[in-house]
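Colleague: If you want the building blocks of each chain, they are given just below.
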Amino acid sequence: MAHGPSENFFTRWFFSTNHKDIGTLYLWFSFAMFLLGGAFAMIIRAELFQPGMQLIKPEFFNQMTTMHGLVMVFGAIMPAFVGLANWLIPMMIGAPDMALPRMNNLSFWILPFAFAILVSTLFMEGGGPNFGWTFYAPLSTTYAPDTVNYFIFGVHLMGASSIMGSINIIATVMNMRAPGMTYMKMPLFVWTWLITAFLLVAVMPVLAGAVTMMLMDINFGTSFFDAAGGGDPVLFQHVFWFFGHPEVYIIILPAFGVVSQIIPTFSRKPLFGYSSMVYATAAIAFLSFIVWAHHMFTVGMPIAGELYFMYATMLIAVPTGVKVFNWITTMYKGSITYETPMLFCIAFVILFTFGGFTGMMLSIAAADTQYHDTYFVVAHFHYVMVAGAVFSGTAAIYYWLPKWCGRMYDETMGKVQFWLAFIAFNITFMPQHFLGLAGMPRRYSDYGLQFADWNMVSSIGAFMYGGAQLLFLFNVIRTIGWGKPVEDPKVWEGADGLEWTLPTPPPFHTFSTPPVVK
Amino acid sequence: METRSANKSVVIKSTIGAIIMFMFAIFVLPPLYDLFCEALGIGGKTGGPYQAEVLTIDDTRQVEVQFVVTNNATMPWEFYPVKDKVFVHPGESNEITFFAKNLTGNDMVGQAIPNILPNNAADFFHKTECFCFNSQPLDAGDDAELMVQFIIDPELPRSVNTVTLSYTIFDITDRVADLKITQL
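Which chain is which? The protein sequence lines are A and B, in order.
Just so you know, we're using the working numbering here: the first sequence kicks off at 1 and counts up by one.
Just so you know, we're using the working numbering here: the second sequence kicks off at 1 and counts up by one.
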């Protein structure tokens, strides 16, 4: 029986088991977190605008860098892609909904509580977590503020949410595909998410283990990371990065999926090298498990270890290069049009590749001794996280939003936002490479006078970039509320895939009868 | 329904997988890390008491052994090596002393944790006797001379001419009551 969403606001959103509504919740939640994490970044850049202490105290600065990282990684980027997965995976594989709708509701509604716990520490005595988003022991154990237990509990909840979300995605992709939708016919977004979900199930428990060991060390007298009791703080770094390196691919693989959907549409050509894309994704996922110690080249490792982690890390460039060349080849001789989603995707390919090259520089163990913990690293991971994950997420919203709500966004405003974001992004982060190479360490609230000019440039760029996000928010709200209705129900004439065969906007329940896939 | 049981099986398998990974992180990774460090002689951890063998003394070679100490966070003791460095021949037995004084008005227990640099020297630095094998109780205001006997193995890599033995002294007064610390 076809029926719409509940009339009651509370019942509809709090009790929702509908993949579209839960996807919407995820996306709004992640955007709220994106603005919050962005606000933290603005505070950081405002303080770093000039040398010397201007606006905030160093202790608060440390809390800002920590919370910016945690909120952006766990609150903004990851939930954004889970939201996209919720909206799109059932529509792309011809399923009526996610496989486990009630667990879907639970995995979303844990998140606001997890982040309420985490962010509330900022208002407590002693302040929030101040040990960096990587929370290295003993900074996060012996020297941590008392609120660290809230942080640990928050991370446990986020982990539980992510694991449930991924189990749901695995079950949906494996069991709910429409007849004829074989694995090798699945859209690449579905493929990248399937692999990401496996990564999440494998490594989120390791993160939970790391914070649990911290909890034990802090409260129950164990010495996992405490040398006084026979433990070792370096062990923490190994455990953390055993989670942390796959985590960065958890963030970027769904972004690869999004780009692999959008570029063919606006190039009006099918994706070049589909199966090599699938294998490359799997190869990246596998390699992500065996390279973690390249984050720790300076902690002291035997030369053989440094060489191994260096070469293994460089190896990742091969499958990633396959992907980049496939995207470029897809565009080659295509009849390309430059709508906003395509602009973001092209920027993604260029800037992500740039970030990949700085990653190659960092992978050289000998050179990393100089780059380690400088702004060069900060610049590198913002090129792959912001220009990678955030740009592709923005592209995804511009690309699918007209389908979801049946209204077109304002193309001019979208393009203005793109150019503003693109230019501001580079003004913000390009100079940080120079600062890092000149020796400016990360995570300090103050710096030597020789770093003053580029820091000011970087801060100006950051404020512009923040402004571009407000324009994005405005454009999205305007589209949903007052956008021009979409004329062509397919929205994009070059688009391909099951989700585009549905009416626009799609009804509350879709594919109650599975489509036939030839 | 077929899909339903298939979904259930995915949930069960994934949950078991997640639990295994959690257990792996807590119960397997830490001992595995210690095993690796021990097997490869990395991490700068020195071994336990060394059973002295008769080693030929290599007079042709001289190794500089430096001593550094660090007081961990809140440890208020005065603690320093009596000599900053000694020059030794590989194979000969040496004895050095450290001085520790409890400057506080409370009875305390300290524990020194050794570390060797460079890492590849750790396996060749043998301690036949060391105060770090036990914890050090010092009553209020007391002081003590703490002794270390060591032998540098003649097999020490030729590239190593200077070895640094570092001690960090920790305040373990609080935990000594309920926890027996054994230092490897």
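What the hints contain is simulated information worked out from the structure, not anything from laboratory work.
Each hint should be verified, as a subset may be incorrect.
Pair by pair, the computed Cβ-Cβ distance ranges are [stated by the list, open to error]:
hint, chain 1, residue 1, chain 2, residue 2, range
1, A, G321, B, E95, 55 to 63 Å
2, A, Q50, B, S166, 36 to 44 Å
3, A, Q50, B, A39, 49 to 57 Å
4, A, A116, B, S166, 16 to 24 Å
5, B, M23, A, F474, 46 to 54 Å
C-beta atoms are modelled at their ideal positions from N, C-alpha and C, and glycine is treated no differently.
Colleague: Now tell me if each hint is right for this structure.
Modeller: Cross-check of the supplied hints:
no.: 1; hint: G321/A with E95/B: 55 to 63 Å; verdict: holds, 60 Å
no.: 2; hint: Q50/A with S166/B: 36 to 44 Å; verdict: holds, 40 Å
no.: 3; hint: Q50/A with A39/B: 49 to 57 Å; verdict: holds, 52 Å
no.: 4; hint: A116/A with S166/B: 16 to 24 Å; verdict: violated, 44 Å
no.: 5; hint: M23/B with F474/A: 46 to 54 Å; verdict: holds, 48 Å
Violated hint: 4 only; the structure is consistent with all others.
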